[in-house]
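Peer 1: Numbering (our numbering), first residue to last: 1 to 554.
Bear in mind the hints are in silico, worked out from the structure with no lab data behind them. One or more hints might be untrue.
The calculated lysine-lysine pairs, modelled on BS3-like cross-linking and capped at a C-alpha distance of 25 Å, are [said to hold, decoys possible]: (1) 277 / 404; (2) 43 / 277; (3) 404 / 520; (4) 31 / 277; (5) 31 / 47; (6) 43 / 31; (7) 47 / 37.
Pair ranges (Cβ atoms, derived) [unchecked claim]: (8) 389 / 292: 33 to 39 Å; (9) 471 / 422: 45 to 51 Å; (10) 295 / 479: 26 to 32 Å; (11) 277 / 89: 48 to 54 Å.
Cβ atoms here follow ideal geometry from the backbone N, Cα and C, with glycine treated the same way.
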Amino acid sequence: MSPVLAGVLQLLALIAALALAYIPLGDYMAKVYSSDKHLRVEKWIYKGIGANPNTEMRWPAYLRGVLAFSAVSVLFLYLLQRLQGVLPGSLGFSSIDPDQAFNTAASFVTNTNWQSYYGEQAMGHVVQTAGLAVQNFVSAAVGIAVAVALVRGFARSRTGELGNFWADLVRGTIRILLPLSVVAAIILVACGAIQNFSGIHSVGQLMGGSQQWNGGAVASQEAIKEVGTNGGGYFNANSAHPFENPTPFTNLFEIFLLLVIPFALTRTFGRMVGSLKQGYAILATMATIWVGFVALMMWTEFAHHGPAFQMAGGALEGKEQRFGVGASSIFAVSTTLTSTGAVDSFHSSFTGLGGGITILGMQLGEIAPGGTGSGLYGMLIMAVIAVFIAGLMVGRTPEYLGKKIGTREIKFAACYILITPALVLVFTAAAMALSTPGHSMTNSGAHGFSEILYAYSSGANNNGSAFAGLNADTQWFNSTIGLAMLLGRFLPMVFVLALAGSLAEQRPVPETAGTLRTHKPLFVGLLVGAILIITGLTYFPALALGPLAEGLAS
């Protein structure tokens, strides 16, 4: 079987698996967030934190809950790392330096999972399980909660109430993320991923000598790492490491895990707004971009330039032989079009244009299908922009799902789409202008610029993957990327929730003959075009200096 055919068959198998899970998972999540009943364990949690899950919140109160919970999480994870040297189960590792502890705390709380450290050489069992793994669950649940609040804004009328943040947070963790992760962890263990609390031990090598490895609760963390679109690896090699991702089957399974909730949330959206067709339109938009990016990535990585590529069957540098070019391409696109950031190959070693595709995937805002929750609310913001553009074309007041998109709503949407590009471009410009950050670059020229651009695109978009080749464990990068992650996560949430509150207060507008049919293929095409044009106009100059220049020169 040719490598190209193998890659295509894996893609088709992945699409079939996602299709099978789409309806049951999407409908289940809609029931979870629409139910007025609480499980016993949930009641214990509410009592422990002093929250009343039946109290409805307006958007400022909902936002305060998001920010307060996240601030406490950052502080807890920071202190846990700083105290690691005196904690049991530390495996002899010392406490984490202040700048790296801040970066890691910001990273895992924002669902970014950017790592400027070697996991197997820095973090003990307590920090990994009680700190990082816990944040993998709750940071993902926060993203889903904000998305559900925006959906309620579309679904509700003449009220500013968006639900209860604490109830949404707990339900997302207990009823969705935890069960899926348990099942996924069992499958990963059965397929060879490790799950233990062993200490450091020596492993012999074929060529003589030995390496030092530590065990850990790897399979369980790997499960929520993908299910929650987190991406932080137990080991520095991430999902290229055989302890985390042993076989081609687990590789495809992990891609499935990181895509299944973001895609299924479109079904949840359709259920909650009372129109499955609207959910299918959002799904079609996400799927069109995702499939298009996968096809483009496979083309760039299978293109045979010169005898070395022809003999190897593609661009194999930086890719695991047990996965191959096709599976690595699917993984790279899926992880950068979501906010996962896990890697089974090293994006710096992709072709120039292939590396550019991974950067562009993040710069789209990770909305195809995006992260758990963040992908859906990002896509809905873009739908609001597309409706506004369509309204300008025909001279009508824009409407979406029976809600008028007025001056207030479009200002919130515009602020949302401007924040992340501003963070990426300003921090990238500062890093290139100063002398100290440049010392961290392994490469010069266009590829070196791509390392910096990728780092800030990854941080501000809450992706977390690294281009490789950049020494990010410096005070400059730990501090600035940490700041980019916090601002890139929570400032957009302010405008999402403000928009949700504004929409929920409106009276529904009845459909007329002139109403734009937002469930039709025409609107899907408009939405795809708006996404690509807005992103292209924003980032094209920066991409031209990096991956495009490198790709055209090769």
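Peer 1: Kindly indicate which numbered hints from before are broken by the structure, ordering the numbers from low to high.
Peer 2: Those not satisfied are hints 2, 8, 9 and 10.
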